[in-house]
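Starting from the structure of chain A, add chain B where the hints point.
As a plain string of letters, each chain reads:
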Amino acid sequence: MRIGAPKETSRGEARVALTPESAKQIQKLGHECLIETGAGLAAGFNDDAYRDAGVTVVDSADTLWQDAEVVIKVREPSDTEAARLRQGQTLIAFFWPAQNEALLEKCKAQGASVIAMDMVPRISRAQKMDALSSMANIAGYRAVIEAGNNFGRFFTGQVTAAGKVPPAKVLVIGAGVAGLAAIGTATSLGAVVRAFDVRPEVSEQIESMGAEFLFLDFEDSQDGSESGGYASPSSPEFREKQLECFREQAPDVDIVITTALIPGRPAPKLWLEDMVAAMKPGSVIVDLAAEKGGNCDLTQPDERIVSDNGVIVIGYTDFPSRMATQSSLLYATNIRHMLTDLTPEKDGVINHNMDDDVIRGATVTHQGEVTFPPPPPKVKAIAAAKPKKKEKEPTPEEKKATEASAFKAQTKRQVGILAIGGALMLLLGQVAPASFMQHFIVFVLACFIGFQVIWKVSHSLHTPLMAVTNAISGIIILGAILQIGSGSAVVSVLAAISVLIATINIVGGFLVTRRMLAMFQKS
Amino acid sequence: MLGQGFVSAAAIAASVLFILSLGGLSNQEKAKRAVWYGIVGMAVAVFFTAFGPGIGGYWWLIPMMIIGAVIGTYMAGKVEMTEMPQLVAALHSFVGLAAVFVAWSADLERRRVLAARAADGVMHEFSAFAALVATKAPDELTFLQIEVVLGIFIGAVTFTGSVIAFGKLAGKVDGKPRQLPGGHLLNAAAAVLSLLLAVMYLNGAGFWTLIVLAALAFFIGYHLIMGIGGADMPVVVSMLNSYSGWAAAAIGFTLGNDLLIVTGALVGSSGAILSYIMCKAMNRNFVNVILGGFGGSTGPAAEIEGEQVAIDASGVASALNDADSVVIVPGYGMAVAQAQSAVSDLVRKLRAAGKNVRFGIHPVAGRLPGHMNVLLAEAKVPYDIVLEMDEINDDFATTDVVIVIGSNDIVNPAAEEDPNSPIAGMPVLKVWEAKQVFICKRGQGTGYSGIENPLFFKENSRMFYGDARDSLNALLPLVD
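Protein chains in written order, with the numbering used here: chain A, 1 to 523; chain B, 1 to 480.
In isolation and in its complexed conformation, chain B is listed as follows:
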């Protein structure tokens, strides 16, 4: 058994390693080292806590960890890069569920200690967490209860929310926003009820209050995320990321463990910042995204003149052969069609021909922050030609050819030109400034927001209809 001193030192070391790990993600090369900081930090934290004072139950602990590790390794090895959003959402749900369980256990332990005290007034020999609870003063116990309530509530919302987000991202649940009749009133009612239960619990009601509380929070998580559409998932996933952190921090307070608090706070703020970045990229506020739907537009959208002109692979190929600079703008459609390796092949060929090929990535492209970057990296596209919106937006005017693959709203000029458009003011990639734009798209439908895209009707736009991967594969042999 290691002494408390060891455990505390380990906690400090792990906290520092976690901070270094997150800080290291500022660039791609450092990141490869940074992930090791995280791994070592976690190993230190788990090892010293597990072999610290007052810990038992190794017969449970070790087998469970081994099974968990095996499952985790299998999952991480098997997952496709296009399935990353689902995986991240699924993992969030685990943290949420664990938080609920741990908070429940904490309250059970509290009750056990109180029951023992009331029975004979003598201090028993408690093991594990119960021993800690036994030392707490009454006002500390009240705060413990508040923390338990928070832990359960946040954890439960995270759990069902993540499960639904997983379902939507994996296509197992319909991606369209859908709510029970009553809409957000139901959520509000559930929240008020939860508050009521929390007050009852604090005033000494039984353990059942915590179970009902969890059930209500489960409902809120489920119903809230059901009401949010597929394209808003980047915000949802980062929000759940944030919640999983806050849940961990709440548990940290309950258990009086600083390492949990620090880590939870780090994760919580990370998710919060990501949500903020995503919302800003859509020019919508957080509440608007979470409550679902676009704000009412202020007037009729400007009418679009012209027609969508289709083009075939040979037309695109000849334009590419003539071009000196090419920018590719991928969107969720590329992930759906699994077209990233076809894109990569095309880029390799164009670069071999001495053309300047770059990628323009909108912050909300895809279903996860940074989703496109990961897909392109998987297809071996070098990251230094993959640029952010702000880095590339001024270069479109001097670009010969832009290929838009499966993105729609993020290249919609209405955001800039039509103040009545529902997406007015959203920062977009100004692809229409290029000499020629080819839009790789399945059919004539509108994007997620249901807004017609004037880009498709511009004179320098040509529609390259068809499945993105098939289209690009047809294009490849024609490019030289």
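This is chain A alone, in the form it adopts within the complex:
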């Protein structure tokens, strides 16, 4: 099949869906790759780089759309592009079918199959083609960089000859992929990072990235696993509590990065005007939800504005495109993985398998039908969070009581064992001859010493321990030695054999132990 990537037509879009690297991999699947001339320029890939990778460079968009059987793109098609679609052609791009119903209808009418990269279900198998996550990751990183660009101070605290610099305090709202990436970037620049999310189960992830989780003590917290790992709208009471928490933070933090999005809804307003007013002049707010209306009251999409009290509010919506090389590399890889799943036989034939959860989920039109929204996937996105066991901290009295009862129980057990043991000894003493009892005392004491001594042996020396006890158990040779001088020939022979094998045991056991112990070396 011929896979073609046209130049992106929407304004300011610098990304490209095919890179020389991904082209090489796609060709391994048996496909042929086309690219419109200059398509990769903004992302740092010139036509020659594509030619070197074996890609055919096509002069115009028209030719490309005609030649390619599969068109791969970043943004959803424009009206002109949609008009170029034809029967049997496949389009792979971000499509946002819920928001672009008219476009969806149009594509259906053209008879093309559309695979929406934003509809790839969130299951582990599909992670490699989860373009939303890879773009969000870049957006999170870039948000911190933009903030730093606009922020007048260091991120990290320093003590210099010219004075002490406090570290920047960063608040990240919403710990999805973008939020976590922002946390990671900000912490590695040295900032003090706090983060908030409505889903308490992400607290571990937040803490693992090095931020402090702002814990909201609220009964009815959300279980993110029900909604496929995404947040859902929260109750008014919860929202109040949340805003109260933010209001407390506002005067303290220097940089706020908001990433809160609820799928299929306008972004929730979380950073209100009064909070902006409470912030210090020179503080920066980066609103990653600007495209959906923004989390901050003051956000203007695609604009950088300065509030009355000197707080900078950044509402750019093209963070991934601002890092076009990186985002093209990742997006092209996501596309390439999608193609790999579409070409299971690696023979250059696309098998649009609608039984496959991932392909079915991402396909929005197929064979002249709208196939959106998809049925729920057979595999649940993420396992339901297990309810955490609540372990009550015992009070000192309780602790004392349990310790005392444990001590009592232990004493009882030990006394019991001693009593039973003593009684048994007494009984044995009644029947056994005195000479036996003497030996028996020795035996019991030796067992005791054995138990005491062996518990101290280090785990790593258990094999040498076995070898050495093995050698020592060759002591049975004494028995044979005592009998070997017997007047009976049978006994002598038996004893002689015993001496032989016991000696093998002793010598072999000790030598091999020595060999082993000599190998243990300190670094």
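Calculated from the structure, these hints are not laboratory results. One thing to keep in mind: the hints can contain errors.
Dumping the calculated DSSO-like pairs for lysine-lysine here, alpha-carbon to alpha-carbon at most 27 Å [unchecked claim]:
1. Lys269/A x Lys292/A
2. Lys349/B x Lys280/B
3. Lys241/A x Lys128/A
4. Lys522/A x Lys355/B
5. Lys380/B x Lys522/A
6. Lys522/A x Lys349/B
7. Lys408/A x Lys346/A
8. Lys24/A x Lys7/A
9. Lys380/B x Lys456/A
10. Lys412/A x Lys280/B
11. Lys380/B x Lys355/B
12. Lys280/B x Lys456/A
13. Lys412/A x Lys400/A
14. Lys32/B x Lys522/A
15. Lys128/A x Lys435/B
16. Lys280/A x Lys169/A
17. Lys346/A x Lys28/A
18. Lys269/A x Lys280/A
19. Lys30/B x Lys456/A
20. Lys346/A x Lys128/A
21. Lys408/A x Lys280/B
22. Lys458/B x Lys435/B
23. Lys128/A x Lys458/B
24. Lys78/B x Lys136/B
25. Lys106/A x Lys292/A
26. Lys456/A x Lys458/B
27. Lys28/A x Lys7/A
28. Lys412/A x Lys399/A
29. Lys7/A x Lys164/A
30. Lys522/A x Lys78/B
31. Lys458/B x Lys522/A
Then chain B, alone, in the frame of chain A:
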């Protein structure tokens, strides 16, 4: 000839030396001295007993000891460290057999003395052990008989059990649990029969009872160990270790020799503790292990979602190059593939690059308690980076890369997460908490317990298929 005083003093000295020898194994440096205590103790014991009062037959004794010493030296020098489990099992069988022989001889001597007494009622001049028997009162002789029975029984079980364990460990006998039809009922029947024979013997039946008794015990040892699978061998070997000690102690009672009793008791308790540690590490009780098989699970095991994702050497290498901390978890597979020196080379290279490399050892990894430690020591891995499960389990969360080499059940998260799993509750190494886990494994099969391992399906797991040694050797040049 040395007097009885010398012999007794030597026995005390040898006992103390043996205790010091075992106690010295508490750490690696002391251990090197401790083994000398053991050697000296043994030399003292043998020398003073051999040249003590009432000992003869030097024409037999000395050549036999020389031959034995030569064979022992040869064996100890030749054995590969991966073959240690077999060697230990083989040596146990010797002790078992010797115990049977010595006990038989003791009874033959008893009969000789009794026969002589009955013939003319006059005390003869007996040599060696017979002289001692001749001085015993009737009730002492009854106890001697009980001790003989115990010595034979324990010794015989140890002998065949160890032979089978040796066969299984050396791969000469199929490692799978296998039993004759009738299973443990046969063992029980044999045990009841043995008891019957013992009673008959005590009531004056002939020497044949002891031979049949030994034969039955041989069968029990054989059949019991045949029914136990390869991965449970750490428990079996330590159990046999324990038995060999108890057999020696029983013989000590028979012969009235305290040194034998003390040493036997030391060895017996050592083996018992090792078995206990092994069982605890598998969260199973001793009876369950010995009678074979896992307990019935209480419900269907949780289903595993996801897929096993394979990775090649260059992928592993780049992850290793990026990592700061690496933990390697070896298992029996490493021993099978003889991969320890490849592992060691890898560790040296990673450490030279300034990475924090450590080993996590599960108590039941391998086929012998401490097996992995010995293999790694042989490959010159310094012992201070080889850590126990409890020492390293909390560190996995901060580890970048974990490499699992040929182990399966000991890293199975089902033990913690799935209460229906047959291995639920077994302490395991929590490798899945690390950022990335590479599993070096031959193919997609399950572990010894036959349980699917959810670790392989985790998102941060990658399967590095292939023979462990070849895989690691392929990895080596790629790591810098």
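Those earlier numbered hints the structure runs against, lowest number first = The structure breaks hints 2, 3, 7, 24, 26, 29, 31; every other hint is satisfied.
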